[in-house]
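Protein chains: 2
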Amino acid sequence: MNTPKGYRFSTIEANLKYSGRKDLGLIVSDLPAAAAGVFTTNKFQAAPVVMAKSMLDTRPFARAVMINAGNANACTGEQGLTNCRRTMELVADAVGLMPEEILPASTGVIGMQFNMAKWEAAAAPLAADLGKSTAEDFSRTIMTTDAFNKIVSRTVEIEGKPVTLLAVAKGAGMICPNMATMLAVFITDAAVEPAMWQKIFRAGVDESFNRVTVDGDTSTNDTVFGLANGASGVTVTEATRPAMQEAVTAVMREIAYKLVQDGEGATKVIHINVTGAQSKEDAELAARTVGHSPLVKTAMYGRDANWGRIVAALGRSGAQFDPDDVVVTMCGVELFRNGQPTDADFDTMLEPYLKEVDIVLDIELGHGDGAYTLLASDLTHKYIDINADYRS
Amino acid sequence: MNTPKGYRFSTIEANLKYSGRKDLGLIVSDLPAAAAGVFTTNKFQAAPVVMAKSMLDTRPFARAVMINAGNANACTGEQGLTNCRRTMELVADAVGLMPEEILPASTGVIGMQFNMAKWEAAAAPLAADLGKSTAEDFSRTIMTTDAFNKIVSRTVEIEGKPVTLLAVAKGAGMICPNMATMLAVFITDAAVEPAMWQKIFRAGVDESFNRVTVDGDTSTNDTVFGLANGASGVTVTEATRPAMQEAVTAVMREIAYKLVQDGEGATKVIHINVTGAQSKEDAELAARTVGHSPLVKTAMYGRDANWGRIVAALGRSGAQFDPDDVVVTMCGVELFRNGQPTDADFDTMLEPYLKEVDIVLDIELGHGDGAYTLLASDLTHKYIDINADYRS
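Here the protein sequences line up with chains A and B, keeping their order.
Just so you know, we're using this note's numbering here: the first sequence kicks off at 1 and counts up by one.
Just so you know, we're using this note's numbering here: the second sequence kicks off at 1 and counts up by one.
Hints may contain errors.
In silico DSS-like links for lysine-lysine, alpha-carbon gap of 25 Å or less [unchecked claim]:
hint	chain 1	residue 1	chain 2	residue 2
1	B	K17	B	K5
2	B	K43	B	K199
3	B	K22	B	K132
4	B	K118	B	K22
5	A	K43	B	K280
6	A	K280	A	K5
7	B	K5	B	K43
8	B	K161	A	K382
9	A	K280	B	K199
10	B	K280	B	K199
11	A	K17	A	K382
12	B	K382	A	K382
13	A	K258	A	K161
14	A	K161	A	K199
15	A	K355	B	K382
Derived list of chain A stretches under chain B, where covered just means 3 residues or more per stretch with a C-beta under 8 Å from a C-beta of chain B [unchecked claim]:
hint	segment
16	114-128
17	293-300
18	315-321
19	376-386
Because the hints were derived from the structure by calculation, they are not lab data.
Using N, Cα and C, we set each Cβ at its ideal position, and we do this for glycine too.
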């Protein structure tokens, strides 16, 4: 696993909620990095979200990202904001940065104040570990209900020189458009001017994190940070921007796929490709209605090529189309055309494909050029197990 | 169970799909009845929906309602419409009515043509049974995945004389706004002028069937029919219209409640009362987002007073409000106020209430006068059992 140059990692057991596991992580860039962030659109926003947004609004640079698991510091009022600020000060003092150089994020239980004594005790060990942990360690530290850690890295050549990109993420439940309970950090050693970096970053997020769904719910804490520190010595120009964009989007897609794959209780990744819509918005509407339908999601779990549930979801999506023009194809087999199921013996034909993790669902609406792709998980017994018994 | 005057029932085993159970039912009114219908808004509409809509558009009277279970006659193209028409002719001939006096509805598997030989064989026995079956029999005949039959009746006095109202319904999965896979027939022996009857009927549906949700999915076949045949000798006038409306809405609410109670795998009926919204539309948006949230629904199943999932759903609903003004109360206990959870030991306080079937959730948005109430089921292991294994 290649790691971008000029970043050091620290991970410790701060005992903020969990015991016997690491729950506090820090990434420090040796150089000031161009910084970008995308945050939850939920009206209820956690203290670190409010804090990080205002920091990035003020200056598009950062030196560090700090993430804790176990306590989301959400629905904690003014005290929560004060505490967030204080954790930044404590860690900044210990590692020799300014508080406003550390972008904070939190995940875990909401409505509970931080135990500040734990944070005071955590700052020194966190500083001491810096450079001793790896990106892989960091990806494990931020896990909550995740079944596996999520990390992707890629080295590409820009103007003949290597640039490395790396992303870590935690997710599982509530993955949805607009940053459901999901935290991710994307770092690169390319040098990118901040305004360009923010555009590249947002475009990548829109093509990846915003196109996955587990259960349609979103959270108070969802955050994706992006740092570009220039330690590779390679500067992205307008000429090399397309190549950089392609690499960023590819890495983000790869990690977003892992989020769906690890959707709570998920056994499938359903690739919903809608084409022929009146507009991209209509295509998205259709894709999301199918991807959020509990009946479609349970059918996929049950390995059932249930075209009826798919067309019923399309029919109520609000997308414009003529029912007779719709063609639904699953894993390459046409299920539905001319307003009726096809004659194919698709149960037999699809049986081997429906055992696989990846299910490709192509939906042609026959009404225009709008297209959208969404990755969705299935809905399973284990999802219920996890979520009917989360707090207890 | 009081039955409105002037209606006869017939129920038989037509073996359209099931064997060893009744699957075809007929209700015949001795007098021409004012007729009304509300249908699915799904773009994919079953043959009987297309047929019944066009019949009611042409003339607001009917003599009969015919419902079969096992085959929905949906996604069956022109042949499906031809078959639907033919079933009406067969039954009309056998019982001595005109085809256009029989309103058809179907429920069951979609994308499969009727076996017309079965229908030909069914017409004579269906006519022979007329008057021998009861409304209760009818309510059992139309069941599919329902755990129990659904029937409600009430006798009220209008101008000092008794008028009886009766509703039967089948539902279970895909109960949602705008008539998800749900069939219902509402009959009364009041005399109501058709235009007034259609208004009373629609207003009742809007306050009842359109305010329940199981899984947010809708179907190709959802239909509610209403007949008012006048056999009681009591005519509803402008003066007595409010009393009639109240009775109609009350009976519809009672049967809509049963639909949620019998939502596939449901153990709870969550009464979501949103108040203080900017508009009724905003209140509905908030109520539906909470009522459709898989995380809220699994929490209710898990008897978990998880205010965090409720506010997270509110926060992404799109309804307008200030997060600090929101008050969330469950079964009379305040959980959330001023942007934070309250100090109440609500887990202990709510434990006895959360064991009950009915959970009352009051959500005050503090932003206006808009209000909306939605009944929602919970999301359970059994829902997954039923829906991951429906076709096999």
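Structure-based check of all given hints:
1. Our distance criterion of 25 Å between C-alpha atoms is broken by K17 (chain B) and K5 (chain B), whose separation comes to about 32 Å.
2. Of the pairs offered as hints, the one joining K43 (chain B) and K199 (chain B) holds, with about 24 Å between alpha carbons and a cut-off of 25 Å not exceeded.
3. For the suggested pair K22 (chain B) and K132 (chain B), the alpha carbons sit about 14 Å apart, so the restraint of at most 25 Å is met.
4. Distance hint between K118 (chain B) and K22 (chain B) is fulfilled; the C-alpha atoms sit about 13 Å from each other, no more than 25 Å.
5. With a C-alpha separation of about 19 Å, the suggested pair K43 (chain A) and K280 (chain B) falls inside the 25 Å cut-off, and the hint holds.
6. Among the hinted pairs, K280 (chain A) with K5 (chain A) is inconsistent with the structure: their alpha-carbon atoms are about 38 Å apart, more than 25 Å.
7. Between the alpha carbons of K5 (chain B) and K43 (chain B) the distance comes to roughly 37 Å, so the proposed pair goes past 25 Å and is violated.
8. Of the pairs offered as hints, the one joining K161 (chain B) and K382 (chain A) is violated, with about 56 Å between alpha carbons and a cut-off of 25 Å exceeded.
9. A distance of roughly 38 Å separates the Cα atoms of K280 (chain A) and K199 (chain B); the hinted pair therefore is violated under the 25 Å criterion.
10. Taking the CA atoms of K280 (chain B) and K199 (chain B), the gap is near 20 Å; set against the 25 Å cutoff, the hint holds.
11. Annotation: proposed proximity of K17 (chain A) to K382 (chain A) holds, straight-line Cα distance about 24 Å (limit 25 Å).
12. At most 25 Å may separate the alpha-carbon atoms for a hinted pair to count; K382 (chain B) and K382 (chain A) meet this at roughly 12 Å.
13. Proposed proximity of K258 (chain A) and K161 (chain A) is contradicted: the alpha carbons are some 29 Å apart, above 25 Å.
14. Using a Cα cut-off of 25 Å, the hinted pair K161 (chain A) and K199 (chain A) holds, with the two alpha carbons roughly 23 Å apart.
15. Of the supplied pair hints, the one linking K355 (chain A) and K382 (chain B) holds, its CA atoms being roughly 22 Å apart against a limit of 25 Å.
16. Coverage of the segment 114-128 of chain A by chain B is violated. Counting CB-CB distances below 8 Å, 0 residues qualify, and the rule asks for three or more.
17. With a threshold of 8 Å between beta carbons, the proposed coverage of the segment 293-300 of chain A by chain B holds, since 5 of its residues qualify and at least three are required.
18. Under the rule that three or more residues need a Cβ within less than 8 Å of chain B, the assignment of the segment 315-321 of chain A holds, with 3 such residues.
19. Three residues within the 8 Å Cβ limit are the bar, and the segment 376-386 of chain A against chain B gives 6, so the coverage statement holds.
Hints 1, 6, 7, 8, 9, 13, 16 from the list above are not met by this structure, while the remaining hints are.
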